[in-house]
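Peer 1: Read top to bottom, the protein sequences are chains V and U. Numbering of the first sequence is given in my numbering, commencing with residue 1 and proceeding in unit increments. Numbering of the second sequence is given in my numbering, commencing with residue 1001 and proceeding in unit increments.
If you are wondering where the hints come from, they were derived from the structure by calculation, not from laboratory data. Computed from a predicted structure; not experimentally measured. Accuracy of the hints is not assured; some may be wrong.
As the list claims (entries may be wrong) - To give an idea of the interface, some chain V residues facing chain U are shown, with a C-beta separation under 7 Å as derived from the structure:
no., residue
1, Tyr-79
2, Arg-82
3, Ser-106
4, Pro-107
Note that CB positions come from ideal geometry on N, CA and C, so glycine has one too.
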Amino acid sequence: MVKLSVSDLQIRYGGATALEGVSFDIQEHEIFGIIGPANAGKTSFLKAVNRMDMFDPDMRVDGKIVFNDVDVSKIRNVYGLRRRIGVVFPLPVGLPLSIYDNVALSPRLNGQKKKAELDIIVERCLTRAALWDEVKDRLDSLGSLLSGGQQQRLTIARALSQDPELLMLDEFSIAVDPVTTMRIEDVLKELRKEVTIILVTNLVQQARRLADRTAFFLEGQCVEVGMTEDLFTGEVKDQRTRDYVEGRFG
Amino acid sequence: MFESTELNRRNETRQKLFRIGLGTMTGILILPVVLIMSTLIYKGAPVISFEFLFTGPTKGMTAGGIFPALLGTILLVVVALLASVPLGIAAAIYLSEYASDNWFTRAINLAIINLAGVPSIVHALFGVGAFVIFFKFGTSILAASLTLAIMTLPVVIVATRESLQAVPMAFREACWNMGATRWQTIRRVVLPNAVTGILTGVILEVSRTSGETAPIMFTGAAFFLPLLPQGVLDQTMALSLHLFVVSTQVPNMPEQLPFGVALVLISMVLLMNSLSIALRMYLRGKKKW
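Isolated chain V (complex conformation) (with noise of 0.2 Å):
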């Protein structure tokens, strides 16, 4: 089944395009990765999709994205939509809340006043997110001061507790050490059971680690889309992408 499809999308701020030409389909349960240097328009496909782009007065989004089936263009409760799609960023977010109130916010948000039914959900997705057995003595204590490897898995222990459909990872990696990262990399290839996800980094053997399929954004086009062993191994269609995951480049 697809969950998110996407036909000709155009991103643009003011002038410049940042984005242009990218349809490709994401099935569900699939773990899709975005590769490409920087500037390739990555983290603006990202914010198209959970239409981030309503807080940006200069960016302009062309072409469609269909997220279970549904327009986003065509969604006036956006709310709803970003509830359903967890986002996770290259630098760690910590908010400065206490470490429970941050997992709990999201549901919070949602209305869930029930101390039970939070802490259910704050140990579920800390546990899942592999950070429950560092934090579950100091709960109360700030979110923010954890380190950075932390912080990072708390802030995808609060992706989880908005209970994602899509869950968008961009560069999760940069500020984390590399033990932290083969732990969330764990992480989420025991989540796709459960959700689809969107990886997108600049570490080409990240992607090759865990995407099923890829795409290689350079300069703004989506340049190729395949099977993430073809894009190492196999037939491509553009030399730049060989290019580019052998290292030549980028």
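Since the structure of chain V is already known, use the hints to place chain U on it.
Peer 2: Below, chain U alone, put in the same frame as chain V:
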């Protein structure tokens, strides 16, 4: 290799001269403060007593205490705060969190800066026209406080806006991405982290409001009243005006009395200021990111 040349020595002498010169200039700065405070304490302190603070003036104000003026100043400040704090905070939240950057917002910001630059005597005349005459409040605590409120509104707005904007954008974006509305984000993440800065601004406003004379002398503060005010539509005495009166308007005034009044007024302001500084230091220590 490390012997100093003629040029080195000249540079060093020059640097010493500048260090001493700039240091002296800085030292001169504290002179007025020291002089004012020491004069006030030297001449005013003997007047201060429980009697002085808690009884009314007698014998044509040449004797007795300052209680009606002290109470009046507190009343004026409290009513002014009740008006300006909610309005100022609401405006600052709108400007910082909602308004997009267009000509209208820029015009409002310009208006706020200009409002801060309006001389207090002009505010006073505006207060007479608007509150005393047009809204028919008469010369009253209400009219005087509203005049003070308008005068100090820019302070509240700017302090609030600054502390809201000190909350990192990433926190807001994280919330929005979760499906929070702007208001939910403000309520749960932005305001709790800005409240300390807002409080500091409010206290600074108090210290400024309590010393103002011009805006209240036409709108609600009285020369002398035999009775304490019974409500916000009565006139009141105030410390700042009382100080003006006892130093310039009353014959045969004992020399020390005005110093006593001034000492009480400045102590009130300094107390507020140090409270604000202490609060800021305490909260900076508790910074959450």
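Peer 1: Tell me, in ascending order, the numbers of any earlier hints that this structure violates.
Peer 2: 4
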